[in-house]
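**Q** Chains A and B are the protein sequences, given in the same order.
Counting with the working numbering, you get residues 6 to 459 for the letters of the first sequence.
Counting with the working numbering, you get residues 1070 to 1310 for the letters of the second sequence.
Treat the hints as calculated values from the structure; they're not laboratory data.
Just to be clear, a hint being listed does not mean it is correct.
[What the hints assert, rightly or not] Partial selection, computed: residues in chain A whose CB lies under 8 Å from chain B:
(1) His105
(2) Pro126
(3) Ser128
(4) Glu133
(5) Ile134
(6) Lys137
(7) Asp138
(8) Glu141
(9) Thr160
(10) Pro303
(11) Lys305
(12) Pro307
(13) His308
(14) Arg365
(15) Met369
C-beta: ideal position from N, C-alpha, C; glycine also.
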Amino acid sequence: MKPASSNRRFTAQDLTVIIALGFITILGFGAITQTQILITLIIAGLFAASLILYGLWPVKENSAQYTQDYIDQSETESLAAQARLADGLHEAIAIIDTRHRVIYANPAARALLDIKNLGRPLSTYVREIGVKDRIESALNGKRPEPFSYKVDMPTERHIRLMASPFKTRDENFPKPMVLCIFSDITEYMFIDDQRADFLANASHELKTPVASILGYIETLQGHAKNDPKAREKFLNIMKNQGERMQRLISDLLSLLRIEQIEHQVPDGKADIKAALITAIEAVEPNSTKRNIHINFTPSKIPHIRGDQDELVQLVLNLLDNAVRISQPNTEINMSLSLTSNWQLGPAFADSVFSENAQSRRIVMPPSGRDSYIIFKIRDHGPGFSRDHLPRIGERFYRIAGDLSSKEKGTGLGLAIVKHITRRHRGGLLIKSGIGEGTEFIVMLPPYVAAEDEA
Amino acid sequence: MAEEKNDTTMQKLAAHIVTGYDDDLNEISTTLSHMGGLAESMTADSVEAIRKRNSDLANSVISRDKQVNEMQEKIDEDAMKLLALRHPMATDLRRTISAIRCASDLERVGDLAEGIAKRALSINDEERIALAKGVGRIGKLVKQQLSGALDALLREDADKALQVWLSDEDVDEMYNAIFRELLTYMMEDPRTISACTSFLFVSKNLERIGDHATNICESVYFTVHGKPLINDPAIESARAH
């Protein structure tokens, strides 16, 4: 905004004009004497002064409007700076107007609440009535207590909202607004919520091997004391049980860890081909012993947006399972491919299964993405019956009388696979038929440099 | 000058009309959102009441059903007003119709959750029985389905709706598994029959809440694409695998 001409300050420029005017007057009077010059100068000065007095002369003033103008500009700048500042924050920030519409959301808020475009009511993203009440009271100028609520999709999350009244100094937005800060408090809540559940499961599972070890120790202390043959046998069993406990504890710990960070999408680069090769090397002693042939031809494949260690764990768990349940002299087929046009329907189109085989989505891939790296693994083991399919991936779910409970399984392998896939925002599908074997399909998002989505 | 002024007045008036219309639509979707939130929490809490043997929670679910009914009436009324006064067209018309349909689905969800809560009260009176885990599992799945359907509804995300719609198979499968499990218990020990029957009703109610979630998904699909989901050939191929 330009300052108005009537409100200018008196400057040197103005003085020159007055003096020039004075000389013109002198010339007009045809004066020569010093006194006359002085008098005419005074007259000219008075004339100019009266002009100023009546507001006809343009005078520069240090007026209120001048400062206002300056502040407006700096305020706009500071608002822009604030917005930039909020964009960089990890906390999710949103501004809600009187009509409960989201008029600003920083990238963290867009990701947390899954906001695609601004201007829609907050109720589009949050269904809790408690949230609406908090916004309402903040619009009335109050500072409501923080409010926590829970969401189930895409993973279980606890979110805390702090709403406070908010006003800009910009005259274009005179209405009250609400500044909302959403924080993801899943990690803290998880500890409270699921620890009890987790401990109950874990202690139950650990009870069996401990009881068995104690039983054998008692026998060894008692009547088997001097029987070297029995001692050898019992020590072996105890060793097996001890190893089982060890595996169980390490599986439990990794499951706990993944569950705690499941709501954070990994943002690193991971090489699935390397993960596969590592996994194959790890199961090799076991598979060659039982003459199980693992087919995998490495080819060039893009990186995955993920965590390398978790990826190895995912692949290893699936491969280890496959090797364990496969009959000797069979083969396991693995493949990697990239698809840019993912469709659910033809997922198992290339697989050889009879009519009786059933498929199920253990982890539903998130909507809105169609480019995935697909990892397939097919074994020729006993397969699952359809009753069991809905429960695959549940922790500690083992099929009664199957090979895995007698052997090495902890009942956590597929649960870990499930949670890793969920954390990577991928998909996990299974197809299985009795006597035909099982095929798992893991879909993982490829790594894109500087990906701007959540 | 006068013309210019007239122009801005017209613009303001037009903006006002559009804003009013927008507000009306937003009002309906906001009520729908809160109704959905209420139905969700009732479903979750009714299952929780069984799992934790918490009769107070069950009573609170029963008392909340009235609110859901009131919200349905409000949505019906608002939608009727919108249809009568604003004559919505195309997407807006489908949006309004689908709001009415979803409200009636959510009202049924509220009733079913209330039914579960009433069963919870009678189950909690009896001896503790180790069946609540299966019900907890199907409850969690159904709650997820309902949340997914509501997410799709409010964001008008047809892909998401389709996904949830397809996942209903899992609910059915799980319901069948629980049904078989309960039958075995009843045959083993006839003293558990009354508790098992209650659990059977609870599972059935949950399964039907899942069905209402798929109904909502169908409405979303219709709003976005303008054609019914069931007749879409793309679905058949997605289902065929």
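**Q** Could you check the structure against the hints above and give me the numbers of any it violates, in ascending order?
**A** 7, 8, 9, 10, 11, 12, 13
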